Amino acid sequence: DQQVKQNSPSLSVQEGRISILNCDYTNSMFDYFLWYKKYPAEGPTFLISISSIKDKNEDGRFTVFLNKSAKHLSLHIVPSQPGDSAVYFCAASGSNTGKLIFGQGTTLQVKP
Amino acid sequence: DTAVSQTPKYLVTQMGNDKSIKCEQNLGHDTMYWYKQDSKKFLKIMFSYNNKELIINETVPNRFSPKSPDKAHLNLHINSLELGDSAVYFCASSQPTGTGAYNEQFFGPGTRLTVL
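Chains as they are written, first to last, in the numbering used here: chain A, 1 to 112; chain B, 1 to 116.
No lab work stands behind these hints: they were computed from the structure.
The structure displayed is predicted, hence computed values, not measured ones.
Note that beta-carbon positions come from the ideal geometry of N, C-alpha and C, so glycine has one too.
Any given hint could be a false lead.
What the hints assert, rightly or not - Label pairs and their computed distance ranges (CB to CB):
#, chain 1, residue 1, chain 2, residue 2, range
1, A, 53, B, 96, 12 to 22 Å
2, B, 44, A, 68, 43 to 53 Å
3, B, 103, A, 61, 19 to 29 Å
4, A, 78, B, 67, 42 to 52 Å
5, A, 57, B, 95, 33 to 43 Å
6, B, 3, A, 81, 16 to 26 Å
7, A, 74, B, 14, 42 to 52 Å
8, A, 68, B, 95, 41 to 51 Å
9, B, 13, A, 67, 39 to 49 Å
10, B, 14, A, 79, 48 to 58 Å
11, B, 103, A, 29, 45 to 55 Å
Said to hold, decoys possible - DSS-like cross-link-like pairs, simulated, lysine-lysine; straight-line CA separation at most 30 Å:
#, chain 1, residue 1, chain 2, residue 2
12, B, 36, A, 68
13, A, 37, B, 40
14, B, 52, A, 54
15, B, 40, B, 67
16, B, 52, B, 67
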């Protein structure tokens, strides 16, 4: 059973436009959510996180939105840049376990 | 200065062999993890150690044995390798916040294991 799902395997956007990556989860015990970015042959790199007590967290061009009632979060990248092209993983944890449950990733391609 | 490093980066071996992957972090973190990314690209946690003590042990065959000689190192030893063990293995570390929660995890570059 996949507790964290990223239903779009890929996304292509034009440089300068907004990229929106989506993530759904099923476990209501999750209270901390993270987005990671991964380039080929490298490890995932932490991007941004949000606690369940918030519904929005912003860091520069990156904003994460959390809708607890819908068990849905999204990552907005504005404006998108070609260097943002990578695989983006959504992850969730709960109950102070430190255990991250990852989605299957969305490959973002930003075209110049 | 690499924060989380793993060796080797690539490992090709025959079925039935025993191999080890090493991980070191210089971030001063207390907690370290091993993840497996399979052919379908799912990243799944295998083990976690906090200050050399095992705290997470997922449903992993007992052919896999983590060892933490100190809190900066977490090695993964795999006995009797099988074809299905082929995957990319990532090490990660994080620091508990002090309130029982954990901060974000920092990942190593991964070790691509191929079992022939």
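Going down the list of hints, with the structure as the test:
1. In this structure the supplied range 12 to 22 Å holds for residue 53 (chain A) paired with residue 96 (chain B), their Cβ-Cβ distance being about 18 Å.
2. Between residue 44 (chain B) and residue 68 (chain A) the Cβ separation comes to about 25 Å, which falls outside the hinted range of 43 to 53 Å.
3. The hint said 19 to 29 Å for the Cβ distance between residue 103 (chain B) and residue 61 (chain A), and at roughly 22 Å that hint holds.
4. Between residue 78 (chain A) and residue 67 (chain B) the beta carbons are some 45 Å apart, a value that agrees with the proposed interval 42 to 52 Å.
5. Judged by the Cβ atoms, the range 33 to 43 Å given for residue 57 (chain A) and residue 95 (chain B) is violated: they are separated by roughly 19 Å.
6. In this structure the supplied range 16 to 26 Å holds for residue 3 (chain B) paired with residue 81 (chain A), their Cβ-Cβ distance being about 24 Å.
7. The beta-carbon spacing between residue 74 (chain A) and residue 14 (chain B), approximately 45 Å, falls within the hinted interval of 42 to 52 Å.
8. Taking the beta carbon of each, residue 68 (chain A) and residue 95 (chain B) are about 26 Å apart, not inside 41 to 51 Å as hinted.
9. In this structure the supplied range 39 to 49 Å holds for residue 13 (chain B) paired with residue 67 (chain A), their Cβ-Cβ distance being about 46 Å.
10. One distance hint, 48 to 58 Å for the beta-carbon pair residue 14 (chain B) and residue 79 (chain A), holds here, with the actual separation near 50 Å.
11. Hint check: residue 103 (chain B) to residue 29 (chain A), Cβ distance near 19 Å, so the stated range 45 to 55 Å is violated.
12. At roughly 28 Å between alpha-carbon atoms, residue 36 (chain B) and residue 68 (chain A) fall within 30 Å of each other, so this suggested pair holds.
13. For the proposed pair residue 37 (chain A) and residue 40 (chain B), the alpha carbon gap of about 17 Å is at most 30 Å, so the pair holds.
14. Only pairs whose Cα atoms come within 30 Å are accepted, and residue 52 (chain B) paired with residue 54 (chain A) is rejected, the gap being roughly 33 Å.
15. Taking the CA atoms of residue 40 (chain B) and residue 67 (chain B), the gap is about 27 Å. The hint holds against a cut of 30 Å.
16. Annotation: proposed proximity of residue 52 (chain B) to residue 67 (chain B) holds, straight-line Cα distance about 8 Å (limit 30 Å).
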